[in-house]
Each structure stands twice: as C-alpha cells, then as structure tokens.
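S.K.: Here the protein sequences line up with chains A and B, keeping their order.
For reference, each letter of the first sequence is one residue, going 1 to 263 in the numbering used here.
For reference, each letter of the second sequence is one residue, going 1 to 314 in the numbering used here.
Chain A side only, calculated, beta carbon under 7 Å to chain B, not exhaustive: (1) Arg26; (2) Ser97; (3) Arg98; (4) Thr102; (5) Pro103.
FYI, nobody ran anything at the bench for these hints, they're computed from the structure.
As the structure is a prediction and not an experimental result, all values here were calculated from the model.
Beta carbons are placed, not taken as given, at the ideal position from N, Cα and C, and that holds for glycine.
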Amino acid sequence: MDEQKKGSFLVDTMVFTKRSIITIIRNPLIFIPNLIISLFFLFVYEGGLSGISQLPAFEGANYLAFILPVSIVSAAIGGAGGAGQALVKDLENGYFSRLLLTPSSRLAIVLGPIIAGMLQLLIQTILILVIAYFLGLEVAAGFGGVVVVLLLTLGWGLAFAGYSVGVALRTKNAQSAQAGTFVFFPLIFLSTTFVPYELIEAGWLKIAATINPTTYLFEAMRSVFIDGWEPWPLVRGFLVIALLCAITITFSAVSASKAVSSD
Amino acid sequence: MDGSILVHDLVKTYKGDVKAVRGVSFEVAEGEFFAFLGPNGAGKSTTVQILTTLVKPTSGTIQIGGVNVNEQPERVRWNIGVALQETGIDPVLTGRELIEMQARLFGFTKKKAKERASELLTLVDLNDAAERPCGKYSGGMRRRLDLALTLVHKPKILFLDEPTTGLDPSNRKAIWKEIKRLNKEEGTTIFLTTQYLEEADQLADRISIINEGRIVASGSVEELKRTLGFDAIQLVFHEPEEAERASVVLNDVGENIERSREEVTIYTENGTQLLSELVRMLDEQQLSPKTLNVKPPSLDDVFINVTNKQKERV
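Just chain B, same shape as in the assembly (with noise of 0.2 Å):
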C-alpha cells in the first residue's frame, strides 16, 4: 500500500439522470499535493465521497494506494484520512474522548489511544479545551478537532473536502501550516478540494480544474497559465456606464472579455501588441479609462477562462 491515487474514467449518475460527475480521469503521486479547484456543485465532493469509500461510483476504475476502493473498501479506510465539509463531530462527547474513541476504532490500545489524543490536542492547540463538550467548540476549534480526528492513525493519504471553507483568516492560515508540514515533511499525499483559487495557488503543486463533472484543465500552477497563452488586459473607468461602452466596442478585440462594475479585462493572445490599437479604439468613443494594464494571467484568469471556454461550447 503506498500514497498514490488512480482515477480512470470515473462516473457518478445519481437516481433522475443527474449527472454528477461525467468521466474524470487522473493520477496523483505518492507525496504529492493536488488539488481540485471548481465552483460549488462542479462535482468535487461527490468526487471525494467515492474516494473515501462513502459513495459507491457508477462506473470506472479506483486505486487508492493501489487498492480498488470497489473491491477492498475496509483496505482503504486503513490508509485513509477523511475531513468532509460538514464536520460531524458528537456534541456530547469531550474532545479527548473522541479522538480517543476514534484511536480505538483505528486499532489503538486503551493506553496508546490516551497518548495518542494528547499528543494531537497539542497539535492542533485544543489542550485548554479538551475535557469540554464538543458542541461549545466554536466554528475554529471544530475544524481542528476534526482535523485531529482525521489524523489519529497517521494516514499515507489525505483528504480535505474544502477545509478552510467559512474559516476566518487566523484558522485557515493555521490549518494551511499544517497541511503544508503533513505534506512536506510527513511526505503525506494530499488531496484537497477547494473553490478558493489563492488556496490551491498557495498549496498545490498540481491542480485539476473541474467545472460541471468534468476535467477542464490540469497541471502545476505555472503550466497552467503558460498552457493558457494569454495575457490580460485589465482596465478600470471611472463610471461602471464607460465600463459597459468599453466592453461593447471592444467586443472583437480580444478571445474573451469580462466585466465587472468598472472594471474591464480583455484575454488575448498578445497584449502588448494589441495596446495602441484598442487605446485608438477606446479614443474614438472619447472613452479614457484610470488606469491600464497588462498581465500575465492569474489563476483566477485561466479559471475564468476555461469554465467561459467550456460554456462556449454547450
């Protein structure tokens, strides 16, 4: 059993032909951090229910540590650390006596099940709150109790179904920290899903682009947007009303235009090139915006991009 993940052609059809994911296909390699970046109900948690053996697929094929998660499921959840976006979690219960609880569950004697829930209250800062009732944790505190819990066997692979989401900025920086060192110096696989871009930015070392059940875009960061070609062209007006003039005139000089109040961003190919001619286009109109820019894309560019493309084509 290693930390590799293997999806091929994975489909989930729920009862009334709604199809929740649509054939994805990828690898994820031992050690690595990949990440699955979509909108809500782009299909990312279904996803992760049938990784983690909650979900039985409609079809493909799934090795987790090279173990069919169909065939052998049991195999699986020894490998396996589990946080879900809704964090459940025994309201009556102490936090200690979860993941002692939990640890038991996981094979743990009596007395290293006590050691190891000291040792993750440490981890995860809960010692002042550990003899108290879960259901007075605050939102924070939760989502590191959860956390712990999802560590308790030291799993070769983890997954995070939106783990910061509705965090405030002090928790998710916490909880960043610490998937980054599980990751890093652990050399546990993650696998993590998101809609925040900044976070699968930050993180990951590959991303899977997932929109509507499907796979519209893979690779590291970088390639990424390199693969996209395009630069952005953001302009800002003064008036939302010039914005929405700039984007009519301008409407077949780039691939792809967005507006937003009094902001305007144009991805074409080459930016710099297209300069002169679109500041001659907007003068025409007597259209002079604040500020002008060209830029690389960022991955909120090439997430917008490729979701647009898709649209496109249905």
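One chain only, chain A, in its complex shape (with noise of 0.2 Å):
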C-alpha cells in the first residue's frame, strides 16, 4: 500500500484532463452550437458586410480577414467557458465532493477542465481558419501569422475560462454561472468589430472600444491577417492578455481555495 502513498500532480491533471474531454466528445451539444454560431458570424457578416471594406479607412483590407477575428475569438469564448460549466455541474450533483475526499491535486481538480477547454478551442479555431482559407482568406504575415493567431487564442481562452471557472466555483449554480457567460456580448460587440476605429460613430462606442481588452486582440490578429509582421499590435495585444490572465486566473484560484476548502 505504501508505494501507492504518492500523489501525483501530472497524473492527477491527465485523468482529469481525460474525462473532461471524454465528457465533451460524449456530448456533442456543448460544442457545436457554439461552433455554429461563431461560424455563423463569419458567413453574415462576411457575406452582408463584406461592400464596406472598399471605404479608405479599411486601406485596401480583405473583409473576411476583417472579420475572421471576431469569429475566432467568440469561438474561443464558448470554449473557455465549458471548462466552468463543466464544474458547475461537478458541483450541482455532488461529484466535486467525492473529488474532493481524493488525495487528488485540488489544483488539478480546476486545471482538468481549464486543459480540456482549451483543446477544444484550439481544433474549434483551426477548424474556423481552415474554412476561412477556403473562402479566400490570405494571412500576410504567413505561417508564422497563423502561429501567433493559435497562440492570442489560447492566450485569450485562458483568460476566459479563468473567469468562467471562478464564477462557477463562487455562485456553485448553472444559472449563474450561465448569466456570467453574457459578458461575452459586451466583450465582443463594444469593440472594432465590425469596422476599424476611425469609422466609429458614437463617442461612447469608441470609449468602449478603447477599454474593451478585445480591441486589442482584434487588433493583433488583424494586423498579422493583412498587414504582416508589425511589432506594436503584436506587443499590445500580448500584453493585454498577459495582464487579463493574471487577473483572472487569480481569480479562479482564490475562488478554487475558498470551494475546496469550506468553513
């Protein structure tokens, strides 16, 4: 018995990691719609939208490389949110609690999750581009381009799934954890996402839009998209994700802390 007496972290991350994904294959209904949808936004406003892109202010720009963005990135955000749903059911029938009388890692307990999210979002998102490539898309800044675009992705997903999983272990209720989910609306439409800043009409839309931290992702991978390799957007949008992650993550750590441990 006593050789047995070791936990172990990675051990303990890969079967969590594994049922997670187990679980999401099993229920093809927590990915495809959100699938949909973000491919959906693709199609329409690509197809509704794609005349604007002749005004001076896009300089010559491709509308779907536009707009591809917008689609990846609301992709990313069901995703990342699984992974807080997904406990939130652990905890809703009880399953947490037998987790937790485990010698099991409780890091890796929130870390299964989080892994399986991610992964999810990264086939979403590759499935997203290569649909994208065969409407025409061409990236400038090449493959290397695609590269950064996976990693604002993840980056971004992280970050979100952060926050979907300290809320989800601070309310421990679908509903809430679900009305936690709608800041994706803000998230995405507050921003350059339909067209560049100089063409925002309202004052307010463009304050949104400069506080809004999806900016700047839209921003980074737009740049690498049609314009190539130029440093400032790269550096903003990484930078703002860094920041978005520690915040988050915290989060869900202190949250994490807080549900394990009960007073």
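Fit the two chains together into the complex; they arrive one by one in their own frames, and the hints show the way.
M.R.: So, in structure tokens, the structure goes:
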C-alpha cells in the first residue's frame, strides 16, 4: 500500500483532463452550437458587410480577414466557458465532493476542465481557419502568423476560462454561471467589431472600444492577417492578454481555494 | 496509521450563529463498528463532513488513525473511504470508467486500476451495467457503485452517511451484508450514521445517540437499554379517544408517557409492580385496553426517552 501513497500532480491532471475530454466528446451539444454561431458570424458578416471594405479607412483590406478574428474570439469564449460549466455540473450533482475526498491535487481538479477547454478551443480555431482558407483567406504574415493567431486565441481562452471557473466556483449554480457568460456580448460587440476605430460613429462606443481588451486582441490578429509582421499591435495584444490572465487566474485560484476548504 | 477515530470537544458553528455541533466527544477503536444515531438535522452529516476533511471544525481536536485532520488532511484522505448521503456521480461516465478513474487518483497504475475495477464491479454486482453511463442507473445501483468507489483503495476506516436512506429492502439488505463483511472479515473500522434504529441495532457494536448537536447517550445496544433502567408498558385501546383519556389519567404514573393514535406507552422504573394500580385507575374511568403488555425497552424506547428528556431540560 505504501508505494501507492505518492500523489502525483501530473497523473491527476492527466486523469481529470481525460475525463473532461470524454465528457465533451459524449455531449456534442457542448461545442456544436458554439461552433455554429461562430461560423454564422463569419458567413453572415462576410456576406452582408464585405462591401464596406471599399471604404478608404480599410486601406484595401479584405473584409474576410477583418471579420475573421470576431468569429475566432467568439468561438474561444464558448470553448473556454465550458470549463466553468463542467465544474458547476460537478458541484451541483455532488461529484465535486467525491473528488475532494480523494488525495488528488486540488489544483488538478480545476485544471483538468481548463486544459480540455483549451484543446477544444484549439481544434475549433483550426477548423475556422481552414474554412476561412477555403473562403479565400490570405495571411499576410504567413504560417508564423497563423501560429501567432492560435497563441493569441489560447491566451484569450485561458483568461476567459479563469473567469468562468472563478464564477462557477463562487456561485456553485448553473444559472448564475450561465449568466456570467453574458459578458460575452459587451466584450465582442463594444469594440472594433465590424469597422475600424476611425469609422465608429458614437463617442461612447469609441470610449468603450478603447477600454475593451478585446479591441487589442482583434487588432493584433488583424495585423498578422492583413499587414504582416507589425510589432506594436502584437506587443499590445499579448500584454493585454497576459494582464487579463493574471487577473482572472488569480480570481479562479482564490475562488477554488475557498470552494475546496469550506468553513 | 491505524483504524481508530478520536474526537474531542468538536464544535461547529455556521455563519449567523447556527450551532450544528455543540461539543461532541467520542472514540472508536480499530475494527469497531460504531453508529451515530439521530433524527434529521441532529448534526450527523456535519460531523461526518468534518471527520472526512470536507468541512473545517470551529474548534475541537480530531484524530483519524492517529493523524490530526486539520493538520494533515491529505494523509487522512489516503486512509478513509467515504460514502456521502448525496451520492455524487458523473452521469456521463460508465461505472467501470468511474471506478478506474477513482483508482488512478489513489495512485493505482492503469493496469492495476483496471483489475481493481473488475473486482469491485463483481463485488457490488454491477457487471451487467458496467459499460453503461451511470446517469442511467437506478437509485440502488448508484448506491452500490458509490460503495464500490468508496472501497477502491481498501480504506482502513469507512464513513457511511445514511447509506441506506431511500433504498428498498432488498438493496438495503445487500448493503448491510457488504458492510458487515468488511467489518468482520477485513477488520475495517466503520463509522455509520443513520436515522433507522433497526439499522444501528442490527449492525453496530456501539452507538451514540445525537440530538440537536449533542451526544445524549452512548454505549452498546444492550448497555443503552439497560442504563435506561425502564420498562415500557404498552396499552392498545379500541379507539383513539380512549387512548387520549387514558394518557390524561395515567399522566402521573410513569416517568414518561407517549401516545400515538390507539396506543399509549408508559416508561416506568418497575413495570410489573405498577400494573395493578394502573389497571385499577383505568377501571375507575371505565377504560379497558384491548391489549396490555410490559416489555424491556427497545432501542426505539431508548431513543424517544433520551430525546424527550433533552426537550424537558430546555
């Protein structure tokens, strides 16, 4: 018995990640609607709005490349939000307590669904990029640009997963956790979603877009799709994501330590 | 690490000054079968949650197998098996997958985890359902799977929080049989909570009765019945009204009197001596019971008596 008594963080994390992946695969409804909405964004906005890229503010950019980040980022939010949803389910049906009663790493319990969410998000993003490629996407920064976009998406997903896990562990019920995902709307739409900053009419929306971290993510992705290698948008994008991750992961870690040691 | 449990002056107060456990102390020796008996809301589940590292106590010392729960919760988790009242099971995974996963978390290799899962599925008679998602299991099957999950790492101490509540008799008997076997054959220490007197009576070596966060009586089943030192005189009448009148008339006779519909039970120190006087008093009121008998107290009687005494004190 004694040789078994070595808890292994890596094994625990693998076990929890595998379990989350199985759960996602057996419940296609977890990811299919989210993927469809993202592709819907891509097709509808590209189909309906691509004419406006004739405007001088677009500087000759292809509208597909302009709108693609919106589709990618919205898919990422859905994928990352799944991590929180998975934990809420465990909390609600009591399986979470069963896991807490094992000597497994507490961090691994929370990390498993997050890693699975990241993998889901990665596959979704690649799928969206492949579809965009067949629609005629050209990446100015080449293959390296695609890698940058994937990294940005993962960073963003991690930040959102931290947020969704934090909310889940704090509220411990599905409705509240679901309500928490509504930040999706301001994050996606109060930004340079459809047109460049210069073309935004309302002053309040300009202010919102400046504050909204998503704006810097969109700009970073657009720079590699449209302009090639430009340092500033990328630096800003990665900095904003690093900052967001620091905040939301701290939030989720604090929530997790409260949830696992109830007073 | 042995199989003992030591609890000293355990107190748990929740926010808003809700006192769930108000100073509970007890000891369970290795290999002993100990039952915590009490009504809903007595503090049984809270005590189990504290003893099993899920909830932190407000104050008090707890040693599980000689290890302090507050200081080394992880060491405690390696040695205990816990079946909680609300069985939490991931509905998407199959029974086999859940047991294998549980085994992996307890440090089994993949191969060993598979072997253990097969053993346990046979033990709890779930072989036929092993490849089905647990969401499709019946209540009894879930409880059996939960027991299997609890036993994965062959724990020295088992905590079972109302393991048979809501089960039909055949499932209940199956669970009883298995926990008896674990205690007798494998020497597993068992801490069981229950609201069923019959269950405690049938299974436990020793019982503590808990009510409103305090232990009100402790001992072996026989001791409890004896220390009560009471006989129960049971009178059954034809009509509830007769029983009602009788309970008023006989109010001063015994220490304690209980009435439910046609039945009146009087707890008294010496039942046989009191009988003639009792019959005379009933005669005067022209009350004649359908049946009358004197019996040594059952565990039910002990339970009713100690919880009533507590009410009187408050």
